[in-house]
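Novice: What follows is each chain in one-letter form.
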Amino acid sequence: MDKQQIQHIRADFPILAEKIYNKDLIYFDNAATTQKPRCVVEKIEEGYYHLNANIHRGVHYLSQKATEAHEAARTIVAEFLHAGKREEIIFTRGTTEAINLVATSFGEAFCKKDDEVIVSVLEHHSNIVPWQMLCERKGLKLQVIPMNEHGELDIDTFKSLLNERTRIVSIAHVSNVLGTINPVKEIIRLAHEKNIPVLVDGAQAVPHIAVNVVELDADFYVFSGHKIYGPTGIGALYGKERWLNAIPPYQGGGEMIATVTFEKTTYNELPFKFEAGTPDYIGSTALAEAIRYVQNIGLENIANHEHELLTYCTQRLYEIDGMRIFGTATEKSSVISFLVGNIHPYDIGMLLDKLGIAVRTGHHCAQPLIDSLGIPGTVRASFAFYNTKEEIDVFIEALKRVVIMLS
Amino acid sequence: MTINELQDNIIEEFSMFDDWMDKYALLIDLGNSLEPLDEKYKKPQNIIEGCQSRVWLNAELNNGVVTFQGESDAVLVKGIVSLLIQVLSGHTPDEILNTELYFIDKIGLKEHLSPTRSNGLVAMVKQMKMFALAYKSVNS
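Top to bottom, those sequences are chains A and B.
Residue numbers for the first sequence follow this note's numbering, so the first one is 1 and each next one is one higher.
Residue numbers for the second sequence follow this note's numbering, so the first one is 1001 and each next one is one higher.
Calculated directly from the structure, the hints in this document are not laboratory data.
Computed from a prediction, not measured in an experiment: that's the story for all the values here.
Where hints are given, some of them may not hold.
[Unchecked claim] 27 Å max Cα-Cα, derived DSS-like pairs, lysine-lysine:
no. : chain 1 : residue 1 : chain 2 : residue 2
1   : A       : K354      : B       : K1023
2   : B       : K1023     : A       : K400
3   : A       : K113      : A       : K194
4   : A       : K141      : A       : K112
5   : B       : K1110     : B       : K1023
6   : A       : K23       : B       : K1040
7   : A       : K19       : B       : K1023
8   : A       : K3        : A       : K389
9   : B       : K1106     : A       : K354
10  : A       : K85       : A       : K194
11  : A       : K112      : A       : K159
12  : A       : K354      : A       : K23
13  : A       : K389      : A       : K23
14  : B       : K1110     : A       : K19
15  : A       : K23       : B       : K1129
16  : A       : K113      : A       : K354
17  : B       : K1106     : B       : K1129
18  : B       : K1110     : A       : K354
19  : B       : K1106     : B       : K1023
20  : A       : K194      : A       : K112
21  : A       : K23       : B       : K1110
22  : A       : K138      : A       : K85
23  : A       : K19       : B       : K1129
All chains should be built: construct the whole structure from the sequences, respecting the hints.
Specialist: And the structure:
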């Protein structure tokens, strides 16, 4: 994408023109959440002003329209992930809820004492804690795939962890701290050789990489809307139909039932079985709009631009004495975690903030990973397609100034 | 000097700077010149775990007044620890308990103490008051 195209895109994101402490905002915290284009916000407004009625129940016009919009959004998500059937898409509040759903319902149906669940050392807490809770509830054991010094998973150890007690493997597609793009296709293939299903946490992947769940052969694939320029509080779970049929509902309530009597309730069919209560139909339509926006720019264009930013920023960061970059995988997404000498990440983050630059500092909700690196945390800069090399130049100069202050 | 006089001194010192970066430079200086906490006090029960930076705090009661020592792994936090010690150390438990810490707000560092900034400082102020409360019962 050329400069003009980027400027054109930036104009779609009003927040990027904000001043922070009288300085131009430089937003490099996209791995935490992305900013929203005008069309997504307008979709939310349009939803509440012109489309708002509870779905699936009403016979009236608006209810019909809202239902159609929600279901059209499901189709868009299904096509985006290249799912075989739209019924395989369950709307959730986000990645966290989707993983909790699978850990609870799959755990209920298929896990028993002394079984094992495999995760990796670079998981976000949301892909650790739900499984730990399952382990506590039913007496399972959590197994952890280690990584090498570049932040790449140790596949040989993974192979040795797979055994007849392994019930499920749950793995991030892209690390939120190191940016490592994990070889999920190979991981799935290896697990499937032993008939073990795999959940892929795609929160950090879908904004950057074209995902095809059928080609990956993923059993479950989850992501959050807000990380792909959509609203907060909406995300999706893709699950193979046979798995979603084989596991019990997660929550009970309206929408998810077929018939209810006090003696016996029967459950609705997919996908409604997993969408108890009034779904976020405004959120789902806005998420669909965000996906359309991303697809218009094109994931390949996005990946190319972000890769350029990643390469340029990495190269410029090394101009600074004492630069320590964590995560140097060959396959890497546009996330850079770093420290400068022994300066505490919090100090760097606080001072960069004063210069209008938003980065994240700390353990990034991946404490086991940070502990394994033996550091207190990192400063993390993460890019989106609306970021520019000029912003990186300002960031580098600011960082140099901050490092001098703190040295 | 009373606690409030000490607070007013700090407010005056910070009021000399208009620019944010200068205020932060002063805070960094304060942090760097804070006497390091003796290793023997860096025990787990003295750690105040923040989400991003760690703070250690030790307190002793001598001749009816509480003396505080503290440290943090982040220098900006250490700067604020230094300010809190300057203000509260060397006073009686009652004086500490009855103090309203207004200087942090006045010098524009409130963001460091807001509950949404998880750097252990809110917990630190609370812990200093808890020490005072505990020593108050020793005194009486």
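Novice: Does each hint fit the structure? Answer for all of them.
Specialist: Checked hints:
no., hint, result
1, A:K354 with B:K1023, "holds, 11 Å"
2, B:K1023 with A:K400, "holds, 18 Å"
3, A:K113 with A:K194, "holds, 19 Å"
4, A:K141 with A:K112, "holds, 10 Å"
5, B:K1110 with B:K1023, "holds, 13 Å"
6, A:K23 with B:K1040, "violated, 44 Å"
7, A:K19 with B:K1023, "holds, 21 Å"
8, A:K3 with A:K389, "holds, 10 Å"
9, B:K1106 with A:K354, "holds, 18 Å"
10, A:K85 with A:K194, "holds, 25 Å"
11, A:K112 with A:K159, "holds, 22 Å"
12, A:K354 with A:K23, "holds, 9 Å"
13, A:K389 with A:K23, "holds, 17 Å"
14, B:K1110 with A:K19, "holds, 20 Å"
15, A:K23 with B:K1129, "violated, 38 Å"
16, A:K113 with A:K354, "violated, 52 Å"
17, B:K1106 with B:K1129, "holds, 20 Å"
18, B:K1110 with A:K354, "holds, 14 Å"
19, B:K1106 with B:K1023, "holds, 12 Å"
20, A:K194 with A:K112, "holds, 18 Å"
21, A:K23 with B:K1110, "holds, 20 Å"
22, A:K138 with A:K85, "violated, 32 Å"
23, A:K19 with B:K1129, "violated, 38 Å"
In summary, the numbered hints that this structure violates are 6, 15, 16, 22 and 23.
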